[in-house]
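There are 2 protein chains.
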Amino acid sequence: MKMLPDVQYELRPGVIEFRWGHPDLALLPTTSMAQAAARALTQGGIAALSYGAEQGPGTLIAQVCAWLGRHEGTAPAAEQVYITAGVSQALDLLCTLWTQPRDIALVESPVYHLALRIFRDHGLDLRPVAADEQGVIPDALAAALADLHRQGRQPRFFYTVPTFGNPTAAVLPLGRRQAIAALAQKADLLILEDDVYRRLWYDAPPPPPLAALAPANVVRLGSFSKVLAPGLRLGWLVAPAEIVRRCAGAGLNDSGGGVSHFTAHVVAAFMELGWLDPHIEELRAVYRQRRDALLAALAAELPPGCRCQTPAGGFFAWVRLPEGCDSAALLPAAEAAGLSYVPGARFFADGSGARYLRLAFSLLAPEELAEGARRLGRVLS
Amino acid sequence: MKMLPDVQYELRPGVIEFRWGHPDLALLPTTSMAQAAARALTQGGIAALSYGAEQGPGTLIAQVCAWLGRHEGTAPAAEQVYITAGVSQALDLLCTLWTQPRDIALVESPVYHLALRIFRDHGLDLRPVAADEQGVIPDALAAALADLHRQGRQPRFFYTVPTFGNPTAAVLPLGRRQAIAALAQKADLLILEDDVYRRLWYDAPPPPPLAALAPANVVRLGSFSKVLAPGLRLGWLVAPAEIVRRCAGAGLNDSGGGVSHFTAHVVAAFMELGWLDPHIEELRAVYRQRRDALLAALAAELPPGCRCQTPAGGFFAWVRLPEGCDSAALLPAAEAAGLSYVPGARFFADGSGARYLRLAFSLLAPEELAEGARRLGRVLS
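Chains as they are written, first to last, in this note's numbering: chain A, 328 to 708; chain B, 328 to 708.
To be clear, the hints were calculated from the coordinates, so they are not data collected in a lab. A virtual CB, placed ideally from N, CA and C, is assigned to each residue, including glycine. Be aware that a few hints might be false.
Listed below are several chain B residues computed to face chain A (Cβ distance under 8 Å; list not exhaustive) [said to hold, decoys possible]:
1) ASP333
2) THR357
3) GLN382
4) PRO384
5) GLN416
Some chain A residues well away from chain B (every beta-carbon gap over 10 Å; in silico) [said to hold, decoys possible]:
6) LEU331
7) ASP333
8) PRO340
9) HIS398
10) ASP459
11) ALA509
12) LEU540
13) PRO567
14) LEU603
15) ALA612
16) GLN616
17) ASP677
18) PRO693
Taking CB as the label site, the calculated pair distances span [to be verified]:
19) B:GLY372 with A:ARG615: 20 to 30 Å
20) A:SER708 with B:GLN427: 42 to 52 Å
21) A:ALA543 with B:PRO630: 52 to 62 Å
22) A:GLN427 with B:ARG480: 16 to 26 Å
Input sequences plus hints: build the corresponding full structure.
Right, dumping it as structure tokens:
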């Protein structure tokens with residue numbers, strides 16, 4: 328019988344794969360995770376294998392609250408946290424419970440392209456809100472809201488990745504965060520804040536999340552994918568208690584408990600052992616070095632007219648090509664030259680962005696990053 | 328800070344809890360699962376922690392195919408299997424991809440009540456199809472289809488639990504299976520066959536699944552919840568390859584891989600070690616004894632006019648009370664007398680079924696089952 332693959336990525340010999348925004352495979356904590364699993368299954372008794380609490384296991388909720396409190400000064404209440412199978416599952420559930428096909432949703436543009444696929448599976452009508460190299464533009468959000476208001480329409484939510492965003496790595500400055508928060512409060516707008524890269528900062532900690540500025544309007548989505556292991560399919564959301572209650576009360580959870588119950592116990596044990604923060608420190612050191620290696624090589628190798636802002640955190644470098652270039656049209660030549668990337672147009676709800684391309688530096692060693700930049704420079708020249 | 332619960336069930340001192348259709352907690356394989364996790368994380372290398380293949384990990388798909396082939400004579404092709412986070416998540420995804428709010432779905436009645444909650448979260452218009460003590464009645468399905476056909480409507484699917492069904496434990500006889508399969512083929516009807524109790528038979532193996540009789544029309548839903556551990560939140564579906572492709576291709580999986588990737592690797596290791604079938608043998612011996620203890624006690628203790636068919640498999644005994652009784656109205660008196668159950672009306676999409684109640688025997692020791700039956704007899708007398 329044919330054996331299907333276990334993993335999502337495909338690594339082609341001879342190709343430097345800038346496509347995959349995945350954690351460094353060598354840093355996946357296999358041994359310590361096995362110890363955490365043993366602890367969860369022996370010390371936790373039968374809880375890890377029983378039908379789970381709908382909101383997620385209390386042990387992991389307590390760990391997440393304490394961890395957020397330690398890093399951000401304020402811990403959410405346990406009633407404000409819902410354990411998810413990652414941001415994708417959280418977005419899917421929020422769409423099921425809060426939207427109907429043909430509802431309008433506002434989405435930062437460019438933004439994480441695979442979130443758009445989930446929204447489209449739910450039949451949503453996506454309206455882009457322009458972002459620049461500092462993130463989403465408050466005036467663009469205000470204009471989109473005013474425009475819909477004139478039509479008597481209310482968007483179901485606004486989706487944004489304001490901190491080391493995918494794909495641009497932009498960090499929304501505090502002033503813009505305050506403006507967005509004020510707009511949301513005034514327009515009774517629900518914001519879905521995708522905040523999975525926050526702890527992976529390389530120069531200075533980022534400004535507070537939108538959730539801290541407009542707590543009644545924001546569902547903040549966190550994940551263990553970037554800071555621990557994506558295969559866990561585990562995350563959390565922090566939201567007003569009534570939103571958490573509605574998520575926990577979904578038929579999906581009533582019939583079986585939280586969707587990642589066993590894994591949640593394993594990760595709770597990992598956190599109890601005190602292993603999460605040292606692991607993140609190690610990731611930050613490695614990824615900072617990779618970021619620096621890629622940026623230095625891009626500065627040396629890219630032809631005039633290209634531009635790449637230094638990513639202050641996260642996994643991605645966002646490259647603007649000279650006017651008139653089309654990164655999708657260029658991709659076959661790039662692959663023939665031994666590198667890959669994701670064309671910029673994928674990240675724009677309206678299909679614009681042909682001038683841009685996304686390079687993920689998380690998965691590649693410094694020497695591969697340097698060689699990849701050289702190859703990209705040659706292709707562009 | 329308040330600590331929230333880890334698990335879904337609530338066990339009240341002094342109350343014999345017939346409510347919870349959960350596996351025996353003492354038989355949850357904590358130690359062997361820890362060994363399987365260690366194996367998955369060390370021998371499997373980094374695959375268990377990486378972003379997973381959208382269809383589910385190939386290693387688990389291969390195990391599931393081989394296991395089904397061993398027990399049923401025919402193994403599905405790898406392309407026909409999609410790994411789920413259990414039946415609930417599978418139903419949720421199928422609704423997202425195949426339905427719109429106000430679409431019509433046919434549901435066996437009575438049927439697993441929490442599936443109905445998932446369908447309602449998706450705004451479906453549920454139409455009951457009557458079942459008796461042998462399961463769904465083919466003429467009732469034919470009538471429902473003809474009725475909709477006259478209105479120019481097509482149901483999106485028909486949901487049924489034909490084998491040791493929840494709540495009735497009925498086994499649909501082969502003749503009815505053939506009739507249902509023929510109706511589905513004729514009407515181009517998609518059947519969602521919830522088949523999670525099949526391996527837990529106590530007298531004789533059940534007839535083949537509907538999926539074997541009308542493979543192009545059936546999505547068959549399996550689960551590790553009943554035969555291994557519900558907290559894993561892991562299952563599979565077998566379906567025509569184009570349905571599997573559409574499930575795997577959902578935005579939900581594109582953005583992160585299969586929803587239970589890590590757990591899937593742990594269970595694949597458990598199966599590789601050859602531990603699943605001996606575990607199921609043990610469960611069957613324990614549950615058969617419990618079924619016998621409960622049925623004997625009910626026969627001795629229930630007043631005349633009550634009736635309970637012997638469940639040939641699964642977790643449940645379905646009791647019909649004398650004409651005019653209302654099991655929901657009776658519940659407070661039962662709880663005061665130290666037992667609980669689920670009132671029958673919960674399982675009927677149209678709210679009928681007041682005469683029935685469901686007793687789960689999987690979680691309770693034989694002496695508790697006997698004492699519970701005595702208490703029920705006293706309450707009913």
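Outcome of the hint check:
no. : hint                               : result
1   : ASP333                             : 4 Å, holds
2   : THR357                             : 5 Å, holds
3   : GLN382                             : 6 Å, holds
4   : PRO384                             : 4 Å, holds
5   : GLN416                             : 6 Å, holds
6   : LEU331                             : 3 Å, violated
7   : ASP333                             : 4 Å, violated
8   : PRO340                             : 18 Å, holds
9   : HIS398                             : 16 Å, holds
10  : ASP459                             : 25 Å, holds
11  : ALA509                             : 30 Å, holds
12  : LEU540                             : 24 Å, holds
13  : PRO567                             : 17 Å, holds
14  : LEU603                             : 14 Å, holds
15  : ALA612                             : 20 Å, holds
16  : GLN616                             : 20 Å, holds
17  : ASP677                             : 18 Å, holds
18  : PRO693                             : 20 Å, holds
19  : B:GLY372 with A:ARG615: 20 to 30 Å : 26 Å, holds
20  : A:SER708 with B:GLN427: 42 to 52 Å : 51 Å, holds
21  : A:ALA543 with B:PRO630: 52 to 62 Å : 56 Å, holds
22  : A:GLN427 with B:ARG480: 16 to 26 Å : 20 Å, holds
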